Amino acid sequence: MRCGVILPGTSTAPVHLRHGAGTVSWIPPKRPGLRAAGLKARAAVEEGGRVGASFYDLLGISEGGSLEEIKRAYKKMARKYHPDVSPPDLAGEHTRRFIELQEAYETLSDPSRRARYDKDLARGLRFAFSSRRRFDQELEEKSAWKNRWQDQLETLKRRSVQRDSTENLSWGARIRRQRDGVSIE
Amino acid sequence: MAALASQMVAHVGASCFFSSRRSGFNAKKQFRVRADGDRKAMIRKENNGWKVDFSGEKPPTPLLDTVNYPIHMKNLSVQDLEQLAAELRADIVYTVSNTGGHLSASLGVVELTVALHHVFNTPDDRIIWDVGHQAYPHKILTGRRSRMHTIRQTSGLAGFPKRDESVYDAFGVGHSSTSISAGLGMAVGRDLLGKKNHVVSVIGDGAMTAGQAYEAMNNSGYLDSNLIVVLNDNKQVSLPTATIDGPATPVGALSGALTKLQASTKFRKLREAAKNITKQIGGPAHEVAAKVDEYARGMISASGSTLFEELGLYYIGPVDGHNVEDLVTIFQKVKAMPAPGPVLIHIVTEKGKGYPPAEAAADKMHGVVKFDPKTGKQFKSKPSALAYTQYFAEALIKEAEVDDKIVAIHAAMGGGTGLNYFQKKFPDRCFDVGIAEQHAVTFAAGLATEGLKPFCAIYSSFLQRGYDQVVHDVDLQKIPVRFALDRAGLVGADGPTHCGAFDITYMACLPNMVVMAPADEAELMHMIATAAAIDDRPSCFRFPRGSGIGVPLPLNNKGIPLEIGKGRILMEGNRVALLGYGSMVQTCVKAADSLRNHGITATVADARFCKPLDAELIRSLANEHEILITVEEGSIGGFGSHVCHFLTLNGLLDKNLKLRSMVLPDRYIDHGSPQDQIEEAGLSSRHISATVLSLLGRPKEALQLQ
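Sequence lines, in order, name chains A and B. Position one of the first sequence corresponds to residue 1 (UniProt numbering), numbered consecutively onward. Position one of the second sequence corresponds to residue 1 (UniProt numbering), numbered consecutively onward.
Same shape as in the complex, but just chain A (with noise of 0.2 Å):
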């Protein structure tokens, strides 16, 4: 059973979104409530690969912890894990653990995306992190496309309404004009 502990060197594969599940946290939430019930009870997702551990593990401090102590923490990790300083065997890995932490590091400092970042951990869902992104840039297509449609749909709706004017010749509009049996300006 995974445990959320992150062994150096393994790599978190991203999350099938469908599978929104997280791994049963060590580190005892500072927010106490039902929400940490929920989430200590989860198992791991077998199907769709591993999960991560959130980016709070990754910087080894508590999920309440202030800027001051995210950047202390990633000082001390990026000291840890550079690649110039890593020894070449562990090259790889550490270059890895890395760009996971650079990314931890600047989701934790910006508040707002920290915001966000935290509600999804209260949701149960730890994303890893190129799926985030994908889930992301999903989001704000489909949301795109909902106002473009939006926008379509007025459009034809003013259309629509002077459709049947008298200077409009298609077949279409003078048989509605019969049927209604009206003039419409």
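Worth flagging that the hints you see were computed from the coordinates, not collected in a lab. Since the structure is predicted, the reported quantities are computational estimates derived from the model, not experimental observations. Check the hints yourself; a few may be wrong.
Stated by the list, open to error - Straight-line alpha carbon distances no greater than 27 Å define the calculated DSSO-like cross-link-like pairs of lysine-lysine that follow:
| no. | chain 1 | residue 1 | chain 2 | residue 2 |
| --- | --- | --- | --- | --- |
| 1 | A | K142 | B | K51 |
| 2 | A | K142 | B | K235 |
| 3 | B | K195 | A | K157 |
Stated by the list, open to error - Just a few of them, taken from the derived set where beta-carbon distance is under 8 Å, the chain A residues facing chain B:
| no. | residue |
| --- | --- |
| 4 | L153 |
| 5 | W171 |
| 6 | R179 |
Even for Gly, the Cβ is constructed at its ideal location relative to N, Cα and C.
Please build the complex by placing chain B on the supplied structure of chain A, with the hints as guidance.
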């Protein structure tokens, strides 16, 4: 595993169940869906959508059980509709796993079907499904759920919408790209009669590659009648959606245009900026801005939408085709408008959505036999001989290895015609033109004029669509195009829409065409070689659906060209001659074997060629026998008619010969198993023996045949 996980949730986190973040209303629903508290529900709502567990058992579908007809869906909320969609998915997978049929197309349109039936009032409002293999959810929701286990079987539901079957099936379909034309006809008819119902045509991006779709859109733009066209875009243009090595890339330039439509961020940003500016100006400026917006749409919008706009259809989209709420909103808005004219709603779906094995498969499990729902593994029995299609592909590859002028053309049917194998071997010499048979034929004619040797592999019933091109572009000019007509004769579960009954008739009446049919797979390989060798006129050969009979194949799968216009005699006998054409020769052999038990030795001959007829063979059969029976799996006007005509012109019927032609009856044979269809058509070996016995004056024995 996941099961373990949620059991733990149930036991440990019982409290979190009550304080779930979902609204109280849905939490109540969650209770309803769970039949028993301990076992996890097969269909349940999770954070990011509904999840279905596909086990082998019948899924519990509490909400779907309350829906027999679309009217029962009218009062459902959007959340209910989403639940209904999940239950529909489970039901479809369960049903098709037991019967076989078309799976992933139906899964991709579940949300669309639910939204359409919720918003529109069928059957007064008409919904036309193009091709129709995706209409399984439509059938389930329109009163046929209890009969779904009989789909595609004898006397069961048809695999495609059929007007005879239900009033909710507005138009019979099976060949693609007819939905907009039919829809426009219904819309114009409605207008002339003064009615107010709505007409919706659902067409896929594959069917959009056919010319008829554009003809219809062009006309609908001109007529300006109210019509809704739903373009279901799942990026699967060719069938079955995969080559040997993986998913097929969409053919044709249209797919590129549709992709651009989906992803035009530049356009969106521009409009966003423009909208913000006009909002700030406000008031009358907004009116002007709206006008500018309209022009800008035309100039700057993604290239694909202007195509539809130019044809006169108002383009809306792209829309997430799996979001029930979005779909319902759009349909309601468009329905409420008094005069929208023709509207095209572009929805994006995923074929096989919601069933992981289908999503992962290269061909998306488009057409399946019975399978295991948990894994998606199909139960394919191993036949003793391969399908005729396979033999065709192998023999053609062998011919192409020797002759580099041989090229192959098909119309979006790489798997169905076996040309996927040819494509893998000779990627530059295999052409998939999309669903465009007319273009395929003339394209082949063009290739042939340059000295190449094109083999056009098109199903017998689909070539009907390109018939004028066969007559005018190929036969009239005597251009050597070779036609390989697969699925000739009765085709089983697909039914009359796919039945190749007419190809002998429509090919053999053409003056310059050489028409032949193999009796078995070895003959097929020889005929492919023969066709490759005929270089001065067009030729065709037909072969049925199904497997060979297991005769020894020519060396290396390479056929030897036959002498044109020469048949062969398989069994010598007296008094009675059975002259078969194509796969019916095997049935004649069986009939002759059974007649031996009645003391009759019949001659069995394989005509091989319908045009030119083997005059010598027929003359000798007519002169040396009392009874001559011709058998073919085709309609009237084919082989039998040609033989009859020959005999009359040569005075061979003036003596004592009794001639009978056994053909497919003058009606459409419904879908069913191949054996049932042959029985229904009266072309089994038993029927042939019975005919012989009654002609010999032994009708009682004829009746007693097993």
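Cross-check of the supplied hints:
no., hint, verdict
1, A/K142 x B/K51, "holds (21 Å)"
2, A/K142 x B/K235, "holds (17 Å)"
3, B/K195 x A/K157, "holds (21 Å)"
4, L153, "holds (5 Å)"
5, W171, "holds (5 Å)"
6, R179, "holds (5 Å)"
Of the numbered hints stated above, none is contradicted by the structure.
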